[in-house]
Amino acid sequence: MNSHKVDVVIAEGEPMHGHEDLAAVLGNAEPREPEQVDVAPDPHRRIIYLAATKRAGLDEAKALGIEPVAVVTPRSLDAARGIVADAIEASAALLPDEIDELMPHVAPSLATTGVE
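With UniProt numbering as the guide, the letters of the sequence shown map in order to residues 1 to 116.
Source of the hints: derived by calculation from the structure; they are not laboratory data.
Some hints could be false.
Claimed, not checked - With beta-carbon atoms standing in for the labels, derived distance ranges:
| no. | residue 1 | residue 2 | range |
| --- | --- | --- | --- |
| 1 | D100 | A56 | 16 to 26 Å |
| 2 | A107 | A52 | 16 to 26 Å |
| 3 | A56 | M103 | 14 to 24 Å |
| 4 | R45 | M103 | 13 to 23 Å |
| 5 | D97 | H44 | 25 to 35 Å |
Beta carbons are placed, not taken as given, at the ideal position from N, Cα and C, and that holds for glycine.
Produce the complete structure using the sequences and hints provided.
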């Protein structure tokens with residue numbers, strides 16, 4: 001079964017130069033035990049998944065709890081044409097140059113707003 005929980009670790013250390021205000025806020029905090037945080041994907045997000053093959057992309061996305069609106073591969077560059085998406089996720093198996101080759105085909109699908 002797929003777990004959507006991760007450990008969160010708060011690290012101790014010296015503040016970086018210029019972050020004295022942060023150090024004042026944190027004070028001398030005691031180290032804490034890792035906490036569990038629920039990071040289940042938002043089911044309402046529309047995600048385009050980049051992968052080497054459609055089958056691999058669907059399997060990987062499912063394992064991550066993602067139901068992609070499209071899976072774009074080197075053989076199906078137009079799979080996201082006409083689709084509006086909130087995010088683009090890439091398979092960990094893709095090399096950076098493979099992702100760079102696919103991005104021009106999916107970038108126009110990203111939903112944007114005029115709000116800043």
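Now the hints, each set against the structure:
no.: 1; hint: D100 <-> A56: 16 to 26 Å; verdict: 19 Å, holds
no.: 2; hint: A107 <-> A52: 16 to 26 Å; verdict: 19 Å, holds
no.: 3; hint: A56 <-> M103: 14 to 24 Å; verdict: 18 Å, holds
no.: 4; hint: R45 <-> M103: 13 to 23 Å; verdict: 19 Å, holds
no.: 5; hint: D97 <-> H44: 25 to 35 Å; verdict: 32 Å, holds
Of the hints listed earlier, there is not a single one the structure fails to meet.
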